[in-house]
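A.B. asks: Heads up: the protein sequence lines correspond to chains U and H, in order.
Note that this note's numbering has the first sequence beginning at 1, numbered continuously upward.
Note that this note's numbering has the second sequence beginning at 1001, numbered continuously upward.
Derived from the structure by calculation, the hints contain no laboratory data.
Check before you lean on any hint, since a few could be wrong.
Unchecked claim - Away from chain U, derived, C-beta distances all over 10 angstroms, residues of chain H:
#: 1; residue: Thr1082
#: 2; residue: Pro1106
#: 3; residue: Tyr1110
#: 4; residue: Pro1428
#: 5; residue: Arg1429
#: 6; residue: Gly1434
#: 7; residue: Leu1507
#: 8; residue: Gly1551
Stated by the list, open to error - Subject to a maximum C-alpha distance of 30 angstroms in a straight line, what follows is the list of computed BS3-like cross-link-like pairs (lysine-lysine):
#: 9; chain 1: H; residue 1: Lys1379; chain 2: U; residue 2: Lys114
#: 10; chain 1: U; residue 1: Lys137; chain 2: H; residue 2: Lys1465
#: 11; chain 1: H; residue 1: Lys1451; chain 2: H; residue 2: Lys1395
#: 12; chain 1: H; residue 1: Lys1370; chain 2: U; residue 2: Lys121
#: 13; chain 1: H; residue 1: Lys1115; chain 2: H; residue 2: Lys1503
#: 14; chain 1: U; residue 1: Lys114; chain 2: H; residue 2: Lys1359
#: 15; chain 1: U; residue 1: Lys166; chain 2: U; residue 2: Lys98
#: 16; chain 1: H; residue 1: Lys1440; chain 2: H; residue 2: Lys1359
#: 17; chain 1: H; residue 1: Lys1555; chain 2: H; residue 2: Lys1439
#: 18; chain 1: H; residue 1: Lys1256; chain 2: H; residue 2: Lys1482
#: 19; chain 1: H; residue 1: Lys1345; chain 2: U; residue 2: Lys51
#: 20; chain 1: H; residue 1: Lys1395; chain 2: H; residue 2: Lys1560
#: 21; chain 1: H; residue 1: Lys1395; chain 2: U; residue 2: Lys56
#: 22; chain 1: U; residue 1: Lys51; chain 2: H; residue 2: Lys1451
#: 23; chain 1: H; residue 1: Lys1370; chain 2: H; residue 2: Lys1560
#: 24; chain 1: H; residue 1: Lys1426; chain 2: U; residue 2: Lys137
#: 25; chain 1: U; residue 1: Lys114; chain 2: H; residue 2: Lys1296
#: 26; chain 1: H; residue 1: Lys1465; chain 2: H; residue 2: Lys1555
#: 27; chain 1: H; residue 1: Lys1426; chain 2: H; residue 2: Lys1439
#: 28; chain 1: H; residue 1: Lys1379; chain 2: U; residue 2: Lys51
#: 29; chain 1: U; residue 1: Lys137; chain 2: H; residue 2: Lys1370
#: 30; chain 1: H; residue 1: Lys1560; chain 2: H; residue 2: Lys1440
#: 31; chain 1: H; residue 1: Lys1379; chain 2: H; residue 2: Lys1560
#: 32; chain 1: H; residue 1: Lys1560; chain 2: H; residue 2: Lys1345
#: 33; chain 1: H; residue 1: Lys1560; chain 2: U; residue 2: Lys51
#: 34; chain 1: H; residue 1: Lys1370; chain 2: U; residue 2: Lys126
#: 35; chain 1: H; residue 1: Lys1370; chain 2: U; residue 2: Lys51
#: 36; chain 1: U; residue 1: Lys56; chain 2: U; residue 2: Lys98
#: 37; chain 1: U; residue 1: Lys114; chain 2: H; residue 2: Lys1345
#: 38; chain 1: U; residue 1: Lys114; chain 2: H; residue 2: Lys1560
#: 39; chain 1: U; residue 1: Lys137; chain 2: H; residue 2: Lys1560
#: 40; chain 1: H; residue 1: Lys1370; chain 2: U; residue 2: Lys114
Model, not experiment: these values are computed from the prediction.
Beta carbons: idealized from backbone N, C-alpha and C, even for Gly.
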Amino acid sequence: MNRLLRLILPILLLTVCYGLPDPAAAAGKTYQRTQEQYQLPDVTLINQNGKRVRLKSIVDTNKPVVVDFIFGTCTTICPVLSAGFINLQNRLGADTQKVQLVSITIDPENDTPKVMQEYLKRYRAKPGWDFYTGSRKDIDLVMRSFGAYIPNKMSHYAITFIHQPKSPHWIRLYGILSSSEFLEEVRKVGI
Amino acid sequence: MRRLTATIWLLFLMLMGTASVLSAADTKPADLLADLTPADIHRLGERMYRQGLLSDGTPLRGFIRGDVPVDSTVFSCANCHTRSGLGAIEGQVAAPPVNGPNLFKPRYLYADFVKNTISASRGKTRPATAIRPAYTDETLAAALLAGVSATGRDFLPVMPRYNMGDRDMQILISYLKNLSAQVSPGITDTTMHLATIVTDDVSATDRAAMLAPLETLVHINEQRKTQRQDQRFAKMFRMLDNAYYRDLSISTWELKGPAHTWAAQLEAYYQKEPVFAIVSGISNQSWQPIHDFCEKRQIPNLFPVTDLPVISSEDWYTMYASKGYHGEGETVARYIASHDDSTAKRIILQIVVQSEQGKALAAGFDAAWKDVGNPGSVKTVTFQTAAVPDAKQLKALFATHKPTDVLIWGGEPLLNPIKQLSGVKKMPRLYLSGRALEKKLNDLPETLREKIFITYPFRLPEDEKAYRGFADVLLMSKQKVKDDKRITSRTFSAVHMLLLGLKEIKLDFYRDTLLDQVSMRTDQYLPDFERYSFGPGQRYASKGCYVVQLGSGSKPRLVKRSDWVVF
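Bound-form chain U, shown alone (with noise of 0.2 angstroms):
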C-alpha cells in the first residue's frame, strides 16, 4: 500500500468518525433541477471554426442539446463544466453523436474561433461538442434569454440546459453534477 496512505489513514478514519458534514452532501443532491421555457433570441452566433450559424438552428434539431457558458481563460468553474462535457462523450461512447453539446462563451471579446478550438482541443473534445461566440450585444441577450446573465466573468456561476427534441421545455440544472447524474438528466431526454 501507499505508504502516504498508510500515514493518513487514521486521518481518514477520523474524518469519518468527527468529520463535519459537507453542506452540500448534506442536502443529498448537489444541484437543482427544474423545468423552464425559453424565448430565445433570433441571433447569429459564430463557432471554433469560424462559421456563422443561427442559434434557432443550434437548438432546434432533432437531437437533444445540452448548453453550458464558459469561456477560454476561466478559473474554477469552466474546468468542471467541460469535465463534464467530455466525460459525458467518453461514456456515450458510440452514442456520443446522438447528443449535441454547446458551449457558449461569456468571454466573446477574447473568444476568438482560434481561441475555441484550441479550448475544445485541449479537452480532447470529440465532434458533437461546439464552442460558440458572437457579438458582445448577442452573448448578452442569449446571456439574457437563458434566465443566466452574468454581467462579469469573475461572477460566473455553474448552470447547464439541457433541451428534448422538438419540445418547448428546458431542463435546468444548477450546480454541479456528478457523471453518473449527468449521464442520467441527458438519458431522460431520451437518447
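Based on these hints, arrange chain H on the given structure of chain U.
C.D. replies: Chain H in isolation, oriented as in the chain U frame:
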C-alpha cells in the same frame, strides 16, 4: 473609523517586515528526493502545479465532481488556484490560497487575523479560534489524495482528488511550501520601489506626457499625510487604500542607443535598484527587448505606451493595453473575410513599408488571414522605408494585380501618394491604419473616401468626451502637460490598473499575485480604448478595433462600418 483602520494597517505593515523574514520556507530534502537538487525539486514541482505533469512526465490524474476523471494537463492546480497560489473567487466557488505561508499556518477569519496580528505586536495573545488548523505534510497529502481538509471536512466536489505516489507528493508539497513564500524584491518596510522606462528616441514632450501621471501618483501619495481628511480627495484615497501606507518610489530608467544594448542597461538599473514592477513606459521602437527582460527577471510591466507589443500567448510578465498595429492588421483580415463576396474573386494586394509599424500591421493581417482559412489570394509587395512608392508606382501595382482590396501599411509617408489616386478607374477598396494616420485623416480627399476603410482601435471621438475627464484627475497637481497622442491618458490607465491590483493584493506583495489580480478585474471603462477587459493569462486588455469610413467635409465624422470586435 478610517483613522483607526489606517492605524491598524500601519501596524500591520510594520509587522509584515518581520513576517517576510520568518516566512522563508525551510525545505530539508526528504529521503525520497535525495537524488534531486532543490532546483530539480522546484522545477518538477512547478511543472506539476502549472502543467499537470508528474515527475516522470505522465499526466497527473484524479477525479472531480465525485466520479469525473480529470487529466491535469487539461487543467492544473494553477488553473484554479492561480499561478501565484493566492487563489481565486469565481462566482460562488472559491479556490482558496495554497501557498506555503497560508497552508502551513492556522487560518482565521479575516477580522481575527488582523486583530491577532495587532495583539501579537503588543506582546499579547488573543484567544481567537482558528477556522482551520495548519496543514502538516500528512494532512496536506490527505487533502490531495482523499479530498479531506485539515478540519476533517470533505472538500466540495470541485476540488479534484488526485492519484499520486509518495515521491511526487513530496515534490508537490515542497513546491507549495515555497510558493509565494517570500515577498518579491522591490518591497521594503517603508517603500514600494517601482520603475518606468523611456527610450532615447522619445521626444521631451512625449516623455513629460508619460511621466506626468506617475509623478502625480507619487505626489498624491506624499500628500496623504496631510490631505486624506480633505473631502475632495477622499475618493482617490479610498482607491489608494492599501498602496499608500508605503512610500512610492518610481525611478525612470532611461535606455540609450541601439535596442540590442537595452538588455544590459536594464540589468544594470535592476542591479542598482530591484523594483517590484515597471509601470507604463514609452518607446517608439518595438517593446521586444524590454518585454524579454521582464520575462527573464520575472518583473511585471503594466501597460507600457507602445503600439509595437510582443505578440505571444504564453508570455506572462508584460500586460499591454492592446495588440497595437498587429491588432489592426488582424481586424482587416477578419473584416474582409466576414464579407459575402466570393472567395475566388477576392484578390488582395498588401503594400508594406518595412518600418516596424508596417511590419507589425502585415504580421497581424497574415496571422489572422491564416486563422480565417486564407479566403482569397494575397499578394504582398514590400518597400524599404527610404523608398516608399509614389502614386505612379501604386497605380502600376493596381494595374498589374487588379486587386479587389488593397492594404497600404505605410503610415504618413504614403499619405501624399494615396491622395493622388483619385481618378483611378475601377478603384479597389483601400485599407489604412487609423492609428498611423490619426492626425491626418481629414487630409484624405473626399472623392476617395467612399473607397477608403480605416482601422480605428480607439473609442470614436464623439463618445470619447465623457472619458477625457479621467486624465484631469491625475493631473490635478497642477502640471501642464502637452499631449495629443494619448500618452498621458494611457499612462493614467496604467496607474489606474496598478492601483486596482495593489488594492487586491493587500499585503501579499508577490509579483505573480499582482498579475493574477489585475487579470481578474472586471471590465474597465477608461480613456482611449472602448473597454479594457481581463481574464487569467490574457495580456492584451483592449480586444477591439473599429473599421470606419470618413464622412464628408473638412472635419469628417468617423462612420462605423463594424462592431468593436470583428469576428
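A.B. asks: For each hint, tell me whether it holds in the structure or not.
C.D. replies: Status of each hint after checking the structure:
Against the 10 angstroms criterion, Thr1082(H) falls within the reach of chain U, whose nearest CB is about 7 angstroms from its own CB. Distance check for Pro1106(H) against chain U: the nearest CB is about 16 angstroms away, which clears 10 angstroms, and the non-interface claim stands. No Cβ of chain U comes within 10 angstroms of the Cβ of Tyr1110(H); the nearest lies about 19 angstroms off, and the non-interface call holds. Its beta-carbon lying about 24 angstroms from the closest one in chain U, Pro1428(H) satisfies the requirement of being farther than 10 angstroms from that chain.
At the 10 angstroms boundary, the C-beta of Arg1429(H) stays outside the reach of chain U, the nearest C-beta of that chain being 21 angstroms off. For Gly1434(H), the non-interface assignment is confirmed: its Cβ lies about 19 angstroms from the closest Cβ of chain U, beyond the 10 angstroms cut-off. The beta carbon of Leu1507(H) is kept farther than 10 angstroms from every beta carbon of chain U, the shortest such distance being approximately 22 angstroms. Look at Gly1551(H): its CB is around 24 angstroms from the nearest CB on chain U, clear of 10 angstroms, so calling it non-interface holds up.
Proximity of Lys1379(H) to Lys114(U) is assessed by CA-CA distance (about 24 angstroms); at most 30 angstroms being required, the pair is judged to hold. In summary, the hint linking Lys137(U) to Lys1465(H) is supported, as the alpha carbons are separated by about 23 angstroms, within the 30 angstroms threshold. Between Lys1451(H) and Lys1395(H) the alpha-carbon distance is near 15 angstroms, which keeps this suggested pair within the 30 angstroms criterion. Between Lys1370(H) and Lys121(U) the CA atoms are separated by roughly 18 angstroms; this keeps the pair inside 30 angstroms, and the hint holds.
Of the pairs offered as hints, the one joining Lys1115(H) and Lys1503(H) holds, with about 20 angstroms between alpha carbons and a cut-off of 30 angstroms not exceeded. For the hint pairing Lys114(U) with Lys1359(H), the CA-to-CA distance comes to about 22 angstroms; that is within 30 angstroms, so the pair holds. For a cut-off of 30 angstroms, the pair hint linking Lys166(U) to Lys98(U) stands: about 15 angstroms separates their Cα positions. For the hint pairing Lys1440(H) with Lys1359(H), the CA-to-CA distance comes to about 21 angstroms; that is within 30 angstroms, so the pair holds.
Under the criterion of a C-alpha separation no larger than 30 angstroms, the hint pairing Lys1555(H) with Lys1439(H) is consistent with the structure, at around 11 angstroms. Of the pairs offered as hints, the one joining Lys1256(H) and Lys1482(H) holds, with about 24 angstroms between alpha carbons and a cut-off of 30 angstroms not exceeded. Restraint check for Lys1345(H) and Lys51(U): satisfied, since their Cα atoms lie roughly 20 angstroms apart, inside the 30 angstroms limit. Only pairs whose Cα atoms come within 30 angstroms are accepted, and Lys1395(H) paired with Lys1560(H) is accepted, the gap being roughly 28 angstroms.
Proposed proximity of Lys1395(H) and Lys56(U) is contradicted: the alpha carbons are some 47 angstroms apart, above 30 angstroms. The hinted pair formed by Lys51(U) and Lys1451(H) meets the criterion: a straight-line CA distance of about 27 angstroms does not exceed 30 angstroms. Between the alpha carbons of Lys1370(H) and Lys1560(H) the distance comes to roughly 25 angstroms, so the proposed pair stays at or under 30 angstroms and holds. In summary, the hint linking Lys1426(H) to Lys137(U) is not supported, as the alpha carbons are separated by about 37 angstroms, beyond the 30 angstroms threshold.
At roughly 28 angstroms between alpha-carbon atoms, Lys114(U) and Lys1296(H) fall within 30 angstroms of each other, so this suggested pair holds. With a C-alpha separation of about 17 angstroms, the suggested pair Lys1465(H) and Lys1555(H) falls inside the 30 angstroms cut-off, and the hint holds. Proximity of Lys1426(H) to Lys1439(H) is assessed by CA-CA distance (about 28 angstroms); at most 30 angstroms being required, the pair is judged to hold. Of the pairs offered as hints, the one joining Lys1379(H) and Lys51(U) holds, with about 25 angstroms between alpha carbons and a cut-off of 30 angstroms not exceeded.
Our distance criterion of 30 angstroms between C-alpha atoms is met by Lys137(U) and Lys1370(H), whose separation comes to about 27 angstroms. Taking the CA atoms of Lys1560(H) and Lys1440(H), the gap is near 18 angstroms; set against the 30 angstroms cutoff, the hint holds. Annotation: proposed proximity of Lys1379(H) to Lys1560(H) holds, straight-line Cα distance about 27 angstroms (limit 30 angstroms). This hinted pair checks out: Lys1560(H) and Lys1345(H) have alpha carbons roughly 26 angstroms apart, not beyond 30 angstroms.
Taken as a hint, the Lys1560(H) and Lys51(U) pair is honoured in the structure, with Cα atoms around 23 angstroms apart against an allowance of 30 angstroms. With a CA separation close to 24 angstroms, the supplied pair Lys1370(H) and Lys126(U) stays within the 30 angstroms bound. The straight-line distance between the Cα atoms of Lys1370(H) and Lys51(U) is roughly 15 angstroms, inside the 30 angstroms bound, and the hint therefore holds. The straight-line distance between the Cα atoms of Lys56(U) and Lys98(U) is roughly 18 angstroms, inside the 30 angstroms bound, and the hint therefore holds.
With a CA separation close to 25 angstroms, the supplied pair Lys114(U) and Lys1345(H) stays within the 30 angstroms bound. Proximity of Lys114(U) to Lys1560(H) is assessed by CA-CA distance (about 25 angstroms); at most 30 angstroms being required, the pair is judged to hold. Of the supplied pair hints, the one linking Lys137(U) and Lys1560(H) holds, its CA atoms being roughly 16 angstroms apart against a limit of 30 angstroms. Proximity of Lys1370(H) to Lys114(U) is assessed by CA-CA distance (about 11 angstroms); at most 30 angstroms being required, the pair is judged to hold.
The structure fails to meet hints 1, 21 and 24 from the earlier list, while all remaining hints are met.
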